[in-house]
Structure formats: C-alpha cells, structure tokens
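Trainee: Sequence:
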Amino acid sequence: MDALVDRDMLPPALARWEHSEAGMVQRVRAQRRQMVVNVGAVLPGDGDIPAGAASPAPSPAPSPAPGGHHGGLQQARETFQHELGHVVLLPFTYPHTPQWVAEAGAMYLAEERREATWRAGLESGAFGDMSFADLHEQELGPLHYAYANAAALYLVEQDGPATFWRFYRNFRDADSTAEAGRLLELLYGFDAEALDERTLAWMREAVASGG
Numbered sequence: 001m002d003a004l005v006d007r008d009m010l011p012p013a014l015a016r017w018e019h020s021e022a023g024m025v026q027r028v029r030a031q032r033r034q035m036v037v038n039v040g041a042v043l044p045g046d047g048d049i050p051a052g053a054a055s056p057a058p059s060p061a062p063s064p065a066p067g068g069h070h071g072g073l074q075q076a077r078e079t080f081q082h083e084l085g086h087v088v089l090l091p092f093t094y095p096h097t098p099q100w101v102a103e104a105g106a107m108y109l110a111e112e113r114r115e116a117t118w119r120a121g122l123e124s125g126a127f128g129d130m131s132f133a134d135l136h137e138q139e140l141g142p143l144h145y146a147y148a149n150a151a152a153l154y155l156v157e158q159d160g161p162a163t164f165w166r167f168y169r170n171f172r173d174a175d176s177t178a179e180a181g182r183l184l185e186l187l188y189g190f191d192a193e194a195l196d197e198r199t200l201a202w203m204r205e206a207v208a209s210g211g
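Residue numbers 1 to 211, in the numbering used here, belong to the letters of the sequence shown in order.
It is worth saying that the hints were derived from the structure and are not from the lab.
Small disclaimer: the values here were computed from a predicted structure and weren't measured.
The beta carbon of each residue, even a glycine, is placed where N, CA and C say it ideally should be.
Between beta-carbon pairs, the in silico distance windows are:
#1 A120 / Q74: 15 to 23 Å
#2 R77 / S209: 24 to 32 Å
#3 Q158 / G128: 17 to 25 Å
#4 G210 / R77: 21 to 29 Å
#5 A116 / P95: 27 to 35 Å
#6 L186 / E157: 17 to 25 Å
#7 D173 / A120: 32 to 40 Å
#8 E123 / A162: 32 to 40 Å
#9 D173 / D129: 28 to 36 Å
#10 G125 / A194: 13 to 21 Å
#11 H86 / G160: 18 to 26 Å
#12 H86 / L186: 21 to 29 Å
#13 Q158 / A126: 19 to 27 Å
#14 A116 / E83: 15 to 23 Å
All chains should be modelled from the sequences, with the hints used to inform the complete structure.
Mentor: Next up, the structure:
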C-alpha cells in the first residue's frame with residue numbers, strides 16, 4: 001500500500017523508521033513537545049509570551065468551564081498531543097489496523113497513562129467484559145481507550161518499543177481487523193485472551209503502586 005503522506009514532507013525521524021524505531025520515537029516526542037510549546041504560546045491566557053513576541057491586546061475572558069480555564073487548556077493540549085500521534089502514524093496505519101491498535105499507538109507516542117480510568121474500570125469490574133479478541137468490532141469509549149493504553153504500555157514494558165511497532169506495522173498485510181490475535185502470537189507468543197489477562201494484571205499493579 002502506498003503511503004498516505006509524501007515521505008519527503010515528513011519529519012526526518014519518520015524516514016528513518018525502518019532503521020531506528022527507538023530513535024524515531026525519541027525524535028517524534030521531542031518534536032511533539034516543541035509543537036505543544038508553540039501552540040501554548042499562541043493560546044490566550046496560558047503562560048508567558050516568548051521573548052520577542054508581541055503582547056496580544058487583552059480581550060474579554062469567557063466564563064470559565066468546569067475545572068477552570070487552565071483545566072480546559074490542559075485537556076486541549078492532551079487532545080492535541082494524541083491527535084498528533086495519529087498524524088505521525090498515518091503512513092503506517094492500514095485499512096485493517098484495528099481501532100484499538102491505532103489508538104494504543106497514538107497514546108503511546110503521546111505518553112499517556114490513563115490511570116484514573118484504569119482505577120475506575122477495575123473498581124467497577126468493567127474491564128472484565130472486554131476482550132482484545134473482539135474489540136475490533138466495537139466502537140471505542142473511554143474505558144476501551146484506557147484498556148488499549150494499558151496494553152500498549154504493558155507490551156512495550158515487556159519487549160520494548162521495537163517489537164510493539166513491528167506489531168503495529170504488521171497489519172499492512174492483514175486480511176481483516178480480526179488478526180490482532182494472530183499477530184500477537186507471531187511476535188509475542190501469546191494470543192488476545194492472554195493479552196487480556198496480562199493487561200489486567202499490569203493495570204492492577206500500576207494502580208496499586210500509584211502508577
């Protein structure tokens with residue numbers, strides 16, 4: 001499948017993806033942090049204006065949303081970082097890449113840890129009704145995102161980012177979104193049901209230790 005984005009227009013880190021996945025992740029994260037700084041500099045009411053930049057004319061402040069202006073701004077930044085992860089992964093996300101895998105990759109690049117949702121899902125037992133074996137068939141909600149987030153962090157912790165990115169890219173040759181179990185067995189030696197068990201155990205330990 002042809003890349004959806006001209007590689008000549010992408011950051012150099014992406015051009016070296018095949019040769020240095022760890023280097024790619026580090027460079028992308030550095031670029032993401034700089035982009036967040038740049039975006040933060042132009043969002044009203046947040047932080048100092050960079051040296052040399054003109055001070056914007058004051059404007060009437062809107063009524064604060066629940067959690068305050070800065071809480072809303074933080075949420076906007078987190079969403080920006082997450083969506084930037086999808087942009088970075090676009091050339092390597094294929095028609096049969098399951099949504100949970102695509103979201104797991106974006107959350108990993110954005111360095112997300114959805115600990116509050118892990119705790120809530122564990123306490124309610126909601127994760128017990130989920131399985132990576134059939135998650136590709138479902139529309140994802142907040143708990144599904146958190147579940148995928150934990151799975152990615154577990155897989156990276158066990159075998160490193162290079163193996164996780166091979167898993168991500170291997171959907172290039174998949175015949176359907178249901179092939180996650182087969183690709184897990186190919187690269188990790190266990191299936192989707194085993195990933196459920198391991199992800200739940202990892203989440204319990206992470207929550208118990210405070211993340």
